[in-house]
Amino acid sequence: MRRIAWFRRSAKVPLEARPFDLLCLTVAVVLAVHAPHMPIWLAAALAGTLGARWWQRRRRGGRAPALLKLPLVALLSGVVIFYYGSLFGREPGAALAVGLLVLKLLESETARDARVGAAFSCFALMSALLFDQGMVATVLVALGLLPALATLRALEPTHAAVPLPRELLPALGLLAASLPLALLAFVLVPRLSSPLWGTPNPGQARTGLSEDMSPGDFTDLLTDDRPAMRVSFDAAPPPTSQRYFRAYVMWNYDGRRWSHIGTGGTPGEVEHQSPLTRYTITLEASGQRVLPALDVPVEAPEQALLSFDYEVLSARPVNDTRTYTLRSASSYRLEPRLDDRERRRGLRLPAGFNPQTQALAQRWRAEFGSNDKAIVQAALKLFHDGGFSYTLAPAPLGRDAVDDFLFSTHEGFCEHYSSAFTVLMRAAGIPARVVTGYQGGYWNELGNYLLVRQSDAHAWSEVWLPGQGWRRVDPTAAVRPERVRLGAAAAATGEATGWSPSQWWLGLRNRWDVVNRWWNQGVIGFDTLRQHGLLTPFGLRDADPGMLGLLLAIGGSLFAALGLAWAMWKRPANDPARASMQLLERRLASLGVVRRHSEGPQHFFIRAARALPTHRAELERLMRTYLELRYAYDEPPAELLKNFRQAARDFRPRRMVK
Amino acid sequence: MPAAFRRLQAWAERRLPALTRYKRPESLPITLHRRRVYIVPTAFGTAFTLLLLVMLLGALNYSNNAALLLTCMLGSACATSMLVAFRSLHGLRLSAIRQGQAIASESMVIQLVFAADDHAHASVHADMDGQTETFMAPARTETWLTLNLATSQRGWQPLPRIKLWSNWPVGLFHAWSWIHPDHAVLVWPRPEPAGPPPVLQGEYDLRRRLHQGEDIAALRDYRAGDPQRHIAWKHSARHEHLLVKDFEQPEAREEWRLDWRALSPLSPEARIARLARWLGEAEAVGRPTALWLPGEDIALGHGRSHYVHCMNALARLP
Numbered sequence: 001m002r003r004i005a006w007f008r009r010s011a012k013v014p015l016e017a018r019p020f021d022l023l024c025l026t027v028a029v030v031l032a033v034h035a036p037h038m039p040i041w042l043a044a045a046l047a048g049t050l051g052a053r054w055w056q057r058r059r060r061g062g063r064a065p066a067l068l069k070l071p072l073v074a075l076l077s078g079v080v081i082f083y084y085g086s087l088f089g090r091e092p093g094a095a096l097a098v099g100l101l102v103l104k105l106l107e108s109e110t111a112r113d114a115r116v117g118a119a120f121s122c123f124a125l126m127s128a129l130l131f132d133q134g135m136v137a138t139v140l141v142a143l144g145l146l147p148a149l150a151t152l153r154a155l156e157p158t159h160a161a162v163p164l165p166r167e168l169l170p171a172l173g174l175l176a177a178s179l180p181l182a183l184l185a186f187v188l189v190p191r192l193s194s195p196l197w198g199t200p201n202p203g204q205a206r207t208g209l210s211e212d213m214s215p216g217d218f219t220d221l222l223t224d225d226r227p228a229m230r231v232s233f234d235a236a237p238p239p240t241s242q243r244y245f246r247a248y249v250m251w252n253y254d255g256r257r258w259s260h261i262g263t264g265g266t267p268g269e270v271e272h273q274s275p276l277t278r279y280t281i282t283l284e285a286s287g288q289r290v291l292p293a294l295d296v297p298v299e300a301p302e303q304a305l306l307s308f309d310y311e312v313l314s315a316r317p318v319n320d321t322r323t324y325t326l327r328s329a330s331s332y333r334l335e336p337r338l339d340d341r342e343r344r345r346g347l348r349l350p351a352g353f354n355p356q357t358q359a360l361a362q363r364w365r366a367e368f369g370s371n372d373k374a375i376v377q378a379a380l381k382l383f384h385d386g387g388f389s390y391t392l393a394p395a396p397l398g399r400d401a402v403d404d405f406l407f408s409t410h411e412g413f414c415e416h417y418s419s420a421f422t423v424l425m426r427a428a429g430i431p432a433r434v435v436t437g438y439q440g441g442y443w444n445e446l447g448n449y450l451l452v453r454q455s456d457a458h459a460w461s462e463v464w465l466p467g468q469g470w471r472r473v474d475p476t477a478a479v480r481p482e483r484v485r486l487g488a489a490a491a492a493t494g495e496a497t498g499w500s501p502s503q504w505w506l507g508l509r510n511r512w513d514v515v516n517r518w519w520n521q522g523v524i525g526f527d528t529l530r531q532h533g534l535l536t537p538f539g540l541r542d543a544d545p546g547m548l549g550l551l552l553a554i555g556g557s558l559f560a561a562l563g564l565a566w567a568m569w570k571r572p573a574n575d576p577a578r579a580s581m582q583l584l585e586r587r588l589a590s591l592g593v594v595r596r597h598s599e600g601p602q603h604f605f606i607r608a609a610r611a612l613p614t615h616r617a618e619l620e621r622l623m624r625t626y627l628e629l630r631y632a633y634d635e636p637p638a639e640l641l642k643n644f645r646q647a648a649r650d651f652r653p654r655r656m657v658k
Numbered sequence: 001m002p003a004a005f006r007r008l009q010a011w012a013e014r015r016l017p018a019l020t021r022y023k024r025p026e027s028l029p030i031t032l033h034r035r036r037v038y039i040v041p042t043a044f045g046t047a048f049t050l051l052l053l054v055m056l057l058g059a060l061n062y063s064n065n066a067a068l069l070l071t072c073m074l075g076s077a078c079a080t081s082m083l084v085a086f087r088s089l090h091g092l093r094l095s096a097i098r099q100g101q102a103i104a105s106e107s108m109v110i111q112l113v114f115a116a117d118d119h120a121h122a123s124v125h126a127d128m129d130g131q132t133e134t135f136m137a138p139a140r141t142e143t144w145l146t147l148n149l150a151t152s153q154r155g156w157q158p159l160p161r162i163k164l165w166s167n168w169p170v171g172l173f174h175a176w177s178w179i180h181p182d183h184a185v186l187v188w189p190r191p192e193p194a195g196p197p198p199v200l201q202g203e204y205d206l207r208r209r210l211h212q213g214e215d216i217a218a219l220r221d222y223r224a225g226d227p228q229r230h231i232a233w234k235h236s237a238r239h240e241h242l243l244v245k246d247f248e249q250p251e252a253r254e255e256w257r258l259d260w261r262a263l264s265p266l267s268p269e270a271r272i273a274r275l276a277r278w279l280g281e282a283e284a285v286g287r288p289t290a291l292w293l294p295g296e297d298i299a300l301g302h303g304r305s306h307y308v309h310c311m312n313a314l315a316r317l318p
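In order, the protein sequences belong to chains A and B. The numbers in the first sequence follow full-length UniProt numbering, run straight up by one, and end at 658. The numbers in the second sequence follow full-length UniProt numbering, run straight up by one, and end at 318.
Keep in mind that the hints are not guaranteed to be accurate.
[What the hints assert, rightly or not] Quick list of in silico lysine to any residue cross-link-like pairs, SDA-like style, CA-CA up to 25 Å:
{"#": "1", "chain 1": "A", "residue 1": "104", "chain 2": "B", "residue 2": "43"}
{"#": "2", "chain 1": "A", "residue 1": "570", "chain 2": "B", "residue 2": "29"}
{"#": "3", "chain 1": "B", "residue 1": "245", "chain 2": "B", "residue 2": "285"}
{"#": "4", "chain 1": "B", "residue 1": "163", "chain 2": "A", "residue 2": "112"}
{"#": "5", "chain 1": "B", "residue 1": "163", "chain 2": "B", "residue 2": "25"}
[As the list claims (entries may be wrong)] Derived list of chain A stretches under chain B, where covered just means 3 residues or more per stretch with a C-beta under 8 Å from a C-beta of chain B:
{"#": "6", "stretch": "166–179"}
{"#": "7", "stretch": "186–194"}
{"#": "8", "stretch": "520–534"}
{"#": "9", "stretch": "563–569"}
[As the list claims (entries may be wrong)] Some but not every residue of chain A turned toward chain B, in silico, with C-beta under 8 Å:
{"#": "10", "residue": "115"}
{"#": "11", "residue": "122"}
{"#": "12", "residue": "123"}
{"#": "13", "residue": "126"}
{"#": "14", "residue": "129"}
{"#": "15", "residue": "133"}
{"#": "16", "residue": "142"}
{"#": "17", "residue": "152"}
{"#": "18", "residue": "156"}
{"#": "19", "residue": "197"}
{"#": "20", "residue": "320"}
Calculated directly from the structure, the hints in this document are not laboratory data. As the structure is a computational prediction, the values presented were derived from the model and not from experiment. Ideal Cβ placement from N, Cα and C applies to all residues, glycine included.
Make the full structure from the sequences, and use the hints.
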């Protein structure tokens, strides 16, 4: 028997050191996951407060002075309002929540305070996912739940004192055990068809393609290595030089800025001559409505539409990762007949800009007559042979940007080339427009998909030629063919980014990207559509929320039954002597000596010996061993038990022949 | 409000026996099986569930699948903790009760012996008469839980109902079970605070008797003036000096023959209280006592077990 130290319990349980340490750890994790989107001085101040409070309670104990608390709360609110301009919204809300959580620690002296702190920490952890729901962030937040659960567990009195890291293990076990039910719920919880209240504004501008293009816009993009989208093709991927993903088609030019028109009108006629390419794109959150599509898409995905110039525009801005499937034509004639309105739009130039360019175009027109193709070739030849160079850090341009570029600086990157080329074409009377999007990408062998980074952003031109419709012309390719053939990384080598990552690092990065893609598609992109797709093989088409709820209830009950079975399961007592005795009873019963319900072992053996006189000696020996085993010791010697089991196995009685 | 609640509880126990099952006394051993372990969410559990719902709604509203996944995980962990709470009581067995000794209006130490079967029971609380004790029962061992029982008057006192409960593991669920062992403890009578010493009858009671015990301990060297009849001649023969049988504390060796009948003018309870006081005084100095009670005649004896025997007899008097 063991004597255990008992604990007294009172209504107001004071907070012991261990749960407080765990609570501090929880809040530290909350602060860590929120720190990236908080001003660094605020994060540092909160971390300092947290550390000071921990040290103060550890060294001297007692709550922080009340005189300190109120001014601190006022200071926190003031700082948040001063910095963000409001207490509401995603960033200020998160900063305020984390700050209040840290200040809550100052007065945490009872078990109840710790409970409230731990629960609110869970909430604050979840809110960190509004900023980033990537895999790393999610795993970090999940790990943050461990100290929160451990805090709650440490509040329940028990005498076992274990080192702090081991306190986290039971919480890990609890989370692991709850994973199957969590996955079931995740898959089956009906998603909302439309948000109940406003979705948070994306906050600071994400780098990415924008609706307009002005000089220098692309510089940030071309040095941004974050993934923009991942594309998997149903059949073989198109060759590198065909991987043009169009996003915006830009018509309007004011001498400096190109911008697109957007929706309106019906998509023009497209004649495609080769089989369509079917592919699926997982687009990272962009905050924009545009959905990039390969070359010329022939249809729009759900909740998106096709504009008259073949932009794919989503109904809502893409604030979360989005997956869509499209079909595109790779060999096509786009709008072989151009109506007057579009022709005028494709020729419009701001008056009074770029006189030199205008003059050059007029000269070409005079030289080549009505041969538009020859004018295009002349322009490309100019870029190729005119001493132009590709650089991400070009000299600044003046008011007549295209004139400056074409006749003096001679350096730039895709936006300069496409812009200048389009202006040249329009000046020569050829309808032309700028198209921005992505070009190239990295083919990930491991995951069998194309990874397109922000740095693959590109701008090219389209010109309308009689009988051929809109043709894609990439003037950058004339200057730096590697840009198109090998991709942005090759074009930029040694120019702007300055360092070239070694091969194994690239390999590692690509493997990591496979995991991220899996996460984006499997978890973040798991929407109503996927939910239905998952259930279709089970014969459930168009499962409505009611049906999903029913399935969830059934699955939940199943797990509840499993859990109850676990909770009530009793390990059968291991009693080898009893098992051997039962074996003997079975063998004797087959010869007609059945042990009666209330019969003791001694009586039973004597009766058996009387019934089977030939086995008398054996039975008496068995009886003696069994009685000794059962009644002579508290803990019978192993030797004796072994002997009895052996003897019971060897005992094979035979009926006496009368 | 508590009074109203108690009345409601009493009514429920009378009218809804199925709901309040096993609150009646039952014999040992008492095993907590699935039909007598109840679970409700704690106040914190309810609040936490509301918080989870808010998180769920937020995750769905912002179609934030990562948050949804983790909310599902946290919710599922809460549901799992309910099973753990159930398991922390399920299978616990109250196998024996040991009682201490106490006079009326003092608190008596009660030890409940709990046996755990194949799994450990962490953080189980026992409520009895407003006091709460916490214990933990490791797997396949017996654990003693010590409780203090308030007593009021002498005689058999039944054990009150005991609530075993646990909020293990994270305080979201409250699992409880009532046990009411059919067990009574014997409470000794309270001695009167002061009173006369017993009137001793018979001359032989006054006779000085030898202190019983080891011979050597009761012998000392002869001193001038010691009476001759106290010399231990046999022992002295083996020593150089004369040895004398020692008589320390002559009063202590007076034996008291206490008699119920001798206290006839007093009321029965007053007699019991006086006898209890005399027994206590005699026990304190190791004086042999005999006790005559209606229905029981306890022969001369001394020591703790004799005292216990006498006090038990007094406690049992009608």
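Structure-based check of each hint:
{"no.": "1", "hint": "104/A with 43/B", "in the structure": "holds, 20 Å"}
{"no.": "2", "hint": "570/A with 29/B", "in the structure": "holds, 18 Å"}
{"no.": "3", "hint": "245/B with 285/B", "in the structure": "holds, 20 Å"}
{"no.": "4", "hint": "163/B with 112/A", "in the structure": "holds, 23 Å"}
{"no.": "5", "hint": "163/B with 25/B", "in the structure": "holds, 13 Å"}
{"no.": "6", "hint": "166–179", "in the structure": "holds (count 6)"}
{"no.": "7", "hint": "186–194", "in the structure": "holds (count 4)"}
{"no.": "8", "hint": "520–534", "in the structure": "holds (count 5)"}
{"no.": "9", "hint": "563–569", "in the structure": "holds (count 5)"}
{"no.": "10", "hint": "115", "in the structure": "holds, 5 Å"}
{"no.": "11", "hint": "122", "in the structure": "holds, 6 Å"}
{"no.": "12", "hint": "123", "in the structure": "holds, 6 Å"}
{"no.": "13", "hint": "126", "in the structure": "holds, 5 Å"}
{"no.": "14", "hint": "129", "in the structure": "holds, 4 Å"}
{"no.": "15", "hint": "133", "in the structure": "holds, 4 Å"}
{"no.": "16", "hint": "142", "in the structure": "holds, 6 Å"}
{"no.": "17", "hint": "152", "in the structure": "holds, 4 Å"}
{"no.": "18", "hint": "156", "in the structure": "holds, 5 Å"}
{"no.": "19", "hint": "197", "in the structure": "holds, 6 Å"}
{"no.": "20", "hint": "320", "in the structure": "holds, 6 Å"}
Hint compliance for this structure: every hint is met.
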